[in-house]
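Let's have the full structure, built from the sequences with the hints guiding it.
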Amino acid sequence: MEHGTVDFDDRSVDPEKVLAIANCGQFSGVILQKGVAEKYYNSKKYQVPLIVKLNGKTNLVDDSDPYSPQLCRVEEAVELGASAVGYTVYVGSRYENKMINEFAKIERKADKYGLPLIGWMYPRGKAVAGREYSREVLSYAARLALEVGAEMVKIPYSGDRESFSWVVKAAGKVKIVVQGGPKIKEGLFYQVIRDVLSAGAIGLAVGRNVWQAGEPIKVAEEIGKIVCEKLKAPRQKGETH
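When the letters of the sequence shown are read in order and numbered with UniProt numbering, they come out as residues 1 to 241.
No wet-lab data here; the hints were simulated from the structure.
Glycine residues also receive a C-beta, built at the ideal position from the N, C-alpha and C atoms.
Watch out, some of these pointers could steer you wrong.
Across the chosen pairs, the derived CB separations fall in these ranges [said to hold, decoys possible]:
#1 E229 <-> P15: 27 to 33 Å
#2 E162 <-> N42: 40 to 46 Å
#3 R108 <-> S83: 15 to 21 Å
#4 K57 <-> E221: 29 to 35 Å
#5 P15 <-> I100: 29 to 35 Å
#6 G181 <-> N97: 23 to 29 Å
#7 S64 <-> G35: 33 to 39 Å
#8 C228 <-> S134: 30 to 36 Å
#9 Y113 <-> L188: 36 to 42 Å
#10 Y113 <-> L231: 26 to 32 Å
#11 G172 <-> G35: 30 to 36 Å
#12 G181 <-> G214: 17 to 23 Å
#13 K185 <-> E162: 19 to 25 Å
Within a straight-line C-alpha distance of at most 30 Å, the following computed BS3-like cross-link-like pairs (lysine-lysine) qualify [to be verified]:
#14 K34 <-> K218
#15 K105 <-> K173
#16 K39 <-> K126
#17 K183 <-> K218
#18 K112 <-> K45
#19 K17 <-> K45
#20 K98 <-> K44
#21 K112 <-> K218
#22 K109 <-> K45
Following this line, the structure appears as structure tokens:
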């Protein structure tokens, strides 16, 4: 929802094609808004687990202090067959407290249904302008995920392994996945994956770098190979996983 149609091509604009890629690529989950899940997701057709995003917004209005309202209830996500739910908190926004409060309410409800709650902890807003990818702000966002009861946190990558290792430590027992980010060259993307895994993340939540690839299944398979090899490999000096 936040990206609109800007990042789509003729293939990725069709949710069925994206779901087919996620399914064939053996992704560990696919993230959908309520409306897309209602119309396209079928657990009998797709084995990939469904993660329902509970809030969202467009990028058409002033985004200097963003707020993402809740659009879907936990009960609705359960009815859709969700294996987990997600909610965005824009850490540093003037509306941060409102989103944290909504997150807390959702966490209590999700816990009753046994649904893991994933926190999208994105530093945004005038208070953190220019520092969104800093060690200080990202580690604060990761720690917030731990404090408010998230099972997992999706967070931006700081850009280097050393600083991101501290972000991982700040999250404690909360597992970290890194946002996929803008479309980049495949070789560079694979190196980013290796770096974030070495820092202690357990994976990535990817979009454009798979859906828009010339051979998306091939890219998905390569990602899976890197993740499996890295997480099974003996820990090296300086690594935190």
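A quick look at each hint next to the structure:
no.	hint	result
1	E229 <-> P15: 27 to 33 Å	31 Å, holds
2	E162 <-> N42: 40 to 46 Å	44 Å, holds
3	R108 <-> S83: 15 to 21 Å	19 Å, holds
4	K57 <-> E221: 29 to 35 Å	33 Å, holds
5	P15 <-> I100: 29 to 35 Å	31 Å, holds
6	G181 <-> N97: 23 to 29 Å	27 Å, holds
7	S64 <-> G35: 33 to 39 Å	27 Å, violated
8	C228 <-> S134: 30 to 36 Å	31 Å, holds
9	Y113 <-> L188: 36 to 42 Å	40 Å, holds
10	Y113 <-> L231: 26 to 32 Å	28 Å, holds
11	G172 <-> G35: 30 to 36 Å	34 Å, holds
12	G181 <-> G214: 17 to 23 Å	18 Å, holds
13	K185 <-> E162: 19 to 25 Å	23 Å, holds
14	K34 <-> K218	29 Å, holds
15	K105 <-> K173	21 Å, holds
16	K39 <-> K126	37 Å, violated
17	K183 <-> K218	16 Å, holds
18	K112 <-> K45	28 Å, holds
19	K17 <-> K45	13 Å, holds
20	K98 <-> K44	37 Å, violated
21	K112 <-> K218	39 Å, violated
22	K109 <-> K45	28 Å, holds
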